[in-house]
Structure formats: structure tokens, C-alpha cells
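J.: Protein sequences, first through last, are from chains A and B. Start counting the first sequence at 2; every next residue gets the next number (our numbering). Start counting the second sequence at 1302; every next residue gets the next number (our numbering).
Mixed in with the good hints there might be a few duds.
[Unchecked claim] Partial list, computed: chain B residues near chain A (C-beta under 7 Å):
#1 T1358
#2 C1360
#3 L1372
#4 M1383
#5 G1402
#6 R1438
[As the list claims (entries may be wrong)] Derived lysine to any residue pairs resembling SDA-like cross-links, with alpha carbons at most 25 Å apart:
#7 A:K152 x B:C1360
#8 A:K38 x B:Y1404
#9 A:K152 x A:S182
Source of the hints: derived by calculation from the structure; they are not laboratory data. Yeah, the Cβ is synthetic: ideal placement off N, Cα and C, and Gly gets one too.
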Amino acid sequence: MRWRILVPLVAIVTLLGVLLLGLGLNGRELPSPLVGKPAPAFTLTALADPETRLTEADYLGEVALVNVWATWCSTCRAEKPLLMELARAGIPIHGINYRDEREAALRYLEISDNPYRTIAFDPEGDAGMEWGVYATPETYLLDAEGVIRYKRTGPLSRELLRDEVLPLIEALRAEQREAAS
Amino acid sequence: MKGHAWTGRGVVLWLGIAAWLLPAGLALALAIGDPGEFASDAQRTQYQTLIRELRCTVCQGETIHESNAALAADMRRRVYEMTREGQSAEAIVAFMVARYGDYVRYRPPLQANTALLWASPLLLLFTGGAVWWQVIRRRRGQTARPTFTAEERAALERLRRGD
Chain A
2 MRWRILVPLV
12 AIVTLLGVLL
22 LGLGLNGREL
32 PSPLVGKPAP
42 AFTLTALADP
52 ETRLTEADYL
62 GEVALVNVWA
72 TWCSTCRAEK
82 PLLMELARAG
92 IPIHGINYRD
102 EREAALRYLE
112 ISDNPYRTIA
122 FDPEGDAGME
132 WGVYATPETY
142 LLDAEGVIRY
152 KRTGPLSREL
162 LRDEVLPLIE
172 ALRAEQREAA
182 S
Chain B
1302 MKGHAWTGRG
1312 VVLWLGIAAW
1322 LLPAGLALAL
1332 AIGDPGEFAS
1342 DAQRTQYQTL
1352 IRELRCTVCQ
1362 GETIHESNAA
1372 LAADMRRRVY
1382 EMTREGQSAE
1392 AIVAFMVARY
1402 GDYVRYRPPL
1412 QANTALLWAS
1422 PLLLLFTGGA
1432 VWWQVIRRRR
1442 GQTARPTFTA
1452 EERAALERLR
1462 RGD
């Protein structure tokens, strides 16, 4: 008769434990298969100049962030002051303007700050698909060889920068210095 | 009520418009599912199967066939283009998995981290079967014919005769 109490009890406690674990998970955040892989290839025009071509090769040579954004994405706008701080601190940030209008994006950057070193214009989301973009803003951290070392889907935060992104940038820069010497 | 829309002629007119719009709506719905020309019926089938097997990563819980998110439209377009180029279903799924991860597949592959998921129906069936068998066995024990002593048998016989 002890089984009649013990078995359902164990089953219920296990189920509650699994549900509790599930509460702590973020269902929207998917692991990216691109981490550890070279930056996907693309060819786009520069936002400011339709004659200039930009490719993934423009991101090589230094540890850099690639930020996917759009003017219609309010979270991206909220994230930009943080990107400005990073840019002022000397961290190169490249932008991919995703499914946007050229005029709207240029006007937006004209009346506010621009943290980006280069901005690729991706109106059809072609590069977006190559990079596995599904929820803007998305930020990738590339090492000097252009390998994706970290990806954040959704906005960056001060906590994320302090705990994950900035230490990783430091480590990657040290790696780069070591490789150079 | 003269001049009101719901006179005999008005009703006929509105019914006529509805009858005319209905096929138009259906045609539109079909057009969303079918983006254009295919070189063969096999390609059309491959496209129609794939868009029901790939998950829209923004609107989780919907296939790219059901979703009208911009990303789902991009993914459908890519599936269409790759199908037209003659690429196999496996190659197209591999393309999507390389970019969005295994999550993009509505039918998860059988691998180490999904083994429990695939085994769960069998586990459930097995557990259920075990519980069911226990219950049956116990019940069979209860309904077994009771054994009576000679004294009880005599008492029962007396009761039956109504003494």
C-alpha cells in the first residue's frame, strides 16, 4: 500500500519540477546554429550610397559588433543609446538595416545619433535570412577573423553587456593581440 | 419601406455580389498558398509539403504556410525559389536549419537531445499499460468465487429455500 502513495507523489513532484524549470526558460530565445561559424556571405548596397557595395569582408580585421535594426522596430530605437555608448568607447559597430525604407532610415539617423561604422541596406531581408534574423534587434559579436562568437536576439542591456558581451570583447581582443605578436 | 435596400431586388443584388465575391476570396486564399508556376507537379508537391513542415521562427507555433508574418513570406519565397532551382527537400530543410536551428523543423530529427521527446509516446503507453494491467489483476482477484466452509454452504442452502 505504500506504493499507492509514493508513486503518485513522486510523479507529481517531478511534474512540478519540470514546470518550474520551464518557467525560468525564455521560449523566444532560440540557440543560434551560427555561433562558432564564419559570418554568412552577403552583398548589399550601403544605406547612404546605393553605388557602394558592402559584404561580410568589410567586418574583418577587428573585433566588432553587427547590429540588425530598422526604423519600424521600436525596441531598436530604445536600444540605440546603449549602442552610442559602446561606439564612443571605441567598439566598432556595423549596422544591417533590415526590411526598411532607405529614405526613412537616413532621415532617422539624420535627426538622431548614428553609432554605426557601416550600414548595409537590406530591404528584402536577403542578408537577414543568411544571418538567421527573426526578431530585431539582433546583435552578433564577431572576432577579428569574422567568426561569430556570440549572438543576442532582442535588445542588449547593461547587465548583458557587463556580464557577457564586454568580457568576451576583452578576451577576443587579447586573443587577437596574441595572434599578432 | 419604399426605396429600402432590403426589397426583393435589393436582396437579389446583394446575394449576387456575395456569390461573385466568394470565389474571388477562395482564389485569393489559393494564391497565397501557391506563389506561381512550377516546372512539374513534383515541385509543387515538394513546395506545398515543405511550407507545412517549416516553422515560422517569429510566430512560434505556426508553420510558414499558416503565418502571414513578413519573415514567413521571406521563407516561403526562398523555399519557392530553391524548389524552382530543382533543389531537393532535404537540401532546403538543411538550408533553413543551418540558419535558424533545428527549431525551424516542425518534425524534430531523431538525435541525442530529442530522444526523450521521440520516446515519450512509447513511455506513456508502457506506463499506462502497466497501470492498467495492475488494476485488472487486482480486480480479477476481487471477483474470484469465494470459498465457503461446509457450515456456510448449509446456511446458504437454508436461505435459498426460505426456511
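J.: Determine for every hint whether it applies to the structure shown.
T.: Checked hints:
1. T1358: holds, 4 Å
2. C1360: Cβ of C1360 (chain B) sits 10 Å from chain A, so the hint is violated.
3. L1372: Result: holds, 6 Å to nearest chain A Cβ.
4. M1383: violated, 11 Å
5. G1402: holds, 5 Å
6. R1438: violated, 14 Å
7. A:K152 x B:C1360: The hint holds at about 20 Å.
8. A:K38 x B:Y1404: holds, 18 Å
9. A:K152 x A:S182: violated, 28 Å
Of the numbered hints listed earlier, those contradicted by the structure are 2, 4, 6 and 9.
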